[in-house]
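Chemist: Sequence:
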Amino acid sequence: MELVARRTQIYAVVIFAMTAAQKAGVGIPRLTGMLIGAYLFTILFQQLARGGKILWRRARTGPAE
Numbered sequence: 001m002e003l004v005a006r007r008t009q010i011y012a013v014v015i016f017a018m019t020a021a022q023k024a025g026v027g028i029p030r031l032t033g034m035l036i037g038a039y040l041f042t043i044l045f046q047q048l049a050r051g052g053k054i055l056w057r058r059a060r061t062g063p064a065e
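Counting along the sequence shown from 1, when you hit position 9 you're at 9 in the numbering used here, and nothing is skipped either side.
These are calculated hints, taken from the structure and not from any lab test.
Bear in mind the structure is a predicted one, so any value in this text is a computation, not a measurement.
Each hint can be trusted.
Cβ pair distances, simulated, as ranges:
#	residue 1	residue 2	range
1	T19	G51	34 to 42 Å
2	L40	L3	17 to 25 Å
3	A20	G51	33 to 41 Å
All C-beta atoms, glycine included, are put in the ideal place defined by N, C-alpha and C.
Using the sequences provided together with the hints, build the complete structure.
Modeler: Written as structure tokens, this is what we have:
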């Protein structure tokens with residue numbers, strides 16, 4: 001249930017951003033690229049904050065072997 005609420009929230013933000021950008025005169029392709037970039041950066045920073053995997057590298061939590 002939490003996933004559905006999160007997805008709905010994301011859709012609302014995307015729709016809001018698209019409408020605001022159209023009023024400001026920014027094209028949809030440029031806006032889509034900006035949204036994808038922001039989404040990827042969000043994922044990257046969440047992973048950094050958790051100290052988890054970033055792409056294929058794994059953060060070292062124990063002593064080096």
